[in-house]
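Engineer: Below, each chain spelled out in residue letters.
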Amino acid sequence: MEIAQNILLTIATAATPLLIAAIGELIVERSGVLNLGVEGMMVIGAVCGFAAAILTGNAWIGVAAGIAGGALLSLLFGFLTLSLATNQVATGLSLTLLGIGLSGLIGEGFVGKAGVRLPTLDIPVLTDIPLVGRLIFGQDPIFYMSIALTAGVMWFLFRTRAGLTLRSIGDNHKSAHALGIPVIRYRYLAVMFGGACAGLAGAHLSIVYTPQWVENMTAGRGWIALALVVFGSWRPWRVLAGAYLFGAVTIGQLHAQALGFGIPSQLLSSLPYLATIVVLVLISRDRRLTTMNTPASLGQPFVPDR
Amino acid sequence: MKKLVLGLASALAIMVATSASAQDKYKACFIYLGPKTDGGWTQAHDIGRQYVEEKLGDKVETAYLENVPEGPDSQRAIERFARSGCGIIFTTSFGYMDPTLAVAEKFPDVKFEHATGFKTAPNVTTYNSRFYQGRYIIGKIAGKMSKTGVAGYIASFPIPEVVMGINGFLLGARSVNPDFKLKVVWVNTWHDAGKEADAAKALIDQGVDIITQHTDSAAPMQIAEERGIHAFGQAFDQIEAGPNAQLTAIMDTWGPYYVKKIQAAMDGTWKGGEQSWDGLAEGILAMAPYTNMPDDVKAMAEDTEAKIESGELHPFTGPVNKQDGTVWLKEGEVSDDGTLLGMDFYVEGVDDKLPQ
Amino acid sequence: MIRVELIRRPQQSALFSALSPFIAFALTLIAGAILFWLIGKPPLPALYSYFIEPLTEIWSVHELIIKATPLILIAVGLSVCYISNNWNIGAEGQFIFGGIVGSLLPILVPGFGGPLLLPLMMIMGMIGGAAYAAIPAFLKTRFNTNEILTSLMLVYVAQLFLDWLARGVFRDPNGSGFPGSIRFPAVARLPEIAPSQGGAHLGIVFAIVAALVVWFMLRSTLKGFEVRLIGTSPRAGRFAGFSASKMAFFAFLTSGALAGLAGITEVSGAIGQLRETISPGYGFTAIIVAFLGRLNPIGIVAAGLVLALTYLGGEAAQISLGVSDKVARVFQGMLLFFVLGCDTLIHYRIRLVRRAIASALEKS
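Residue numbers (our numbering), protein chains in the order written: chain S, 1 to 306; chain H, 1001 to 1356; chain U, 2001 to 2364.
Heads up, none of these hints are tricks.
Here are the in silico distance ranges between beta carbons for each label pair: (1) Glu-2057(U) to Glu-1282(H): 33 to 41 Å; (2) Phe-2138(U) to Glu-1282(H): 54 to 62 Å; (3) Phe-2112(U) to Thr-294(S): 45 to 53 Å; (4) Leu-282(S) to Glu-2057(U): 55 to 63 Å.
Since the hints were made in silico from the structure, they are not lab data.
Note that the structure is predicted; figures quoted are calculated from it, not measured.
Every residue, glycine too, gets a C-beta built ideally from N, C-alpha and C.
Looking at chain S on its own, in the form it has when it is part of the complex (with noise of 0.2 Å):
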């Protein structure tokens, strides 16, 4: 049975970036503040850690840069949506093309190269388990810190002062303004924050997943957890179930065509988004809890009175 094993450990890798970039845009969106530039960011998270992790030698530092390479390109988007009111969905996409090719301008002289990649965690006696050992014992850091990010942002949210100030700011930044709260400020951090999240799962892709550099290495994964953060109805947890759900879906499909069933692979593709269309009509039935959990003035811009 350590196909099983296995088959899991492929699953939480795959879920791993997605969960990551995903939790971040949560707090971002939570914050009253849509970023449709996940995917731009994510690339160039990846691209600087890959980058980073080779001069160095040392993958840490990788991460490390990873993690300011997607903080710093949501600064500019902080500066515009936020410092400027401009128009957030335009703002984000645009993110998105400039994250490519700039991604692309720094990663030049990177293709092709072995990258440095992050050890997984090995405990002795506890990681050689049999069936569970690896999964709980033996994988990457980054995937442990995917866990306790999403712990954290849940205790965050839920638990504590900011985070109630967090979410009041995104169901109403008026009111907010009103109390005093400096709502600006902190949407400025919520979207760092949602970069660093989205360098930290770029990092992870060329890094952990696949340790190389290779142009546009993302192929889509930042509009799936764009994605994700709204079939999770901005709850961690649910987002959490949602990218390992994607995940399962996306590995599973490549086992049935391993096993030659002679479904057309196009078919199988498709499953991973359709599943989670079908899983997310079923859940959002309840109006109260969806309605209850969405930010309202996701994608407003904000400009305080004076």
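With chain S fixed as given, assemble chains H and U onto it according to the hints.
Structural biologist: Just chains H and U now, kept in the frame of chain S:
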């Protein structure tokens, strides 16, 4: 404001015009589907372009456009090249076929070379590489090296080129192990490193101990290295990604062909309407060093390579049955090129179904 | 520390409404010159080939129109969606479905010709796009499912479905096993406007007519009022007796139909066959176009042309100066940022405040 813009524009126009008149080298142009550093198909062509610059030096100037989508964008890009003084234009993706022909009709004095297509014109030729020769060799190696007798094939899209590769590989493997099996996974993309890695893992988990691929990235090689199994490099020598995993690699070496054709175009000996399909013998593809295998397997591989190069052996020689058991090639019969180039069926033993 | 402060204008500034694109353009020129200088390319010729060279020849202007046509058509439809607060980001999928359904006649009934063929194809394309857009609208109104997710996910499904068709049942039997349908006969091709000069086809006429119709609808009809009212305040819309559900359908069907029309226009006009991919991401780029045009159909026509120019200019710069494709894309991103940033001037005055002074002011 308007006057200023106009003045600026005309000043610029003069600058551009003077800079353009300084050159009278022969111009060779390339259109790429992907980024020139995609680590696969496009990069191989770009290395060929760099080889041209190196070999022909001052006599030639090269230019390229990357990330050109198939469809109207490619037609525009080709036309812009044709108008910008290119003497010969290489269009390096199958989907550029009709746009290439459309532009070629408008510019009879410009020479066009279209990769992997099947339509020609008085100023359009096609060129391709007999990759299946390499696939056959790696198939034979897989047949010898696999302990489970099952290999995994990560495939991109069901086009004749890919189907031909799968068939060539299996025929090679079965020539040394008649019970050899092949699992095929279609990832529906040319380059998504993550997905290719996932496919490799799925195949390994299902018991294959050799991986080969018809996609761009080195990710499957990395996974093979990690899991301690063997794999074959695609387009390049990927020994860096899999020092213990790579057995050999099928390397795309377009450079010599490009030099030959550009030289011909400059000499005036270039002829249109031709369909070129070179192989190992002409050097349009090459095998990376045979590594990580016992000496007898290596000897077999080298022997097969030599026989294919000399023309003594053609991988698609009968008896070969189609997947449904009907006879495709009778004993001793060799497939014609047309059938290979349009291949839309599997040979016996492939455990997969092609979309019809 | 300098802080940017926005001060809302009492009303939209007509001056900056007109001027902001020019300011943005000037800023882009300056920033672009710096960018090209940094990468070691001569700034002025680079800017020339980027912005002017594509417009110096007639054929190239035709190509500009070809590139802008799908962007404008899709973005005009999307404007209705976004004004009414329906977040359709799946126009790419609707574009593809329009292309598929519109191609049914020439592929499945090859003998069918006559003057009715093209209009039928266009109508079927619109139906295809609208039907595909109806899915997220239905799921939104019936099951309360968020349309951002459904419309986006359906894009991937549409891409894979088209891929399956073009490699399977719709494949040209004489195509040597390669994907793609038969090439459409001349009767199934949208005619070119001026065949002797370049390839621009009738699609641009559709785009302009669509822009004018939607512009008029939004500006001068009750429906337009409804769109805007529900968009700005769903509550007020409900009090006025308008149904948000019906509006969701109206917006999605309109934008789906226009995206579908763009799809079949592209297939029948520019490509000439149904291929395994028919769009390099028009449905997503059109979202930028919609907002760049300030959700105003007339503005969208201009925005579509500008964005198309940045693609053509990028190519021209690659060819004439060897500026890499990545630089062209970074430059495109910069231009968009400047345009979006300068639009802020329409609604706000910008004041730069030194933090120390600002806090002193706040204290007093």
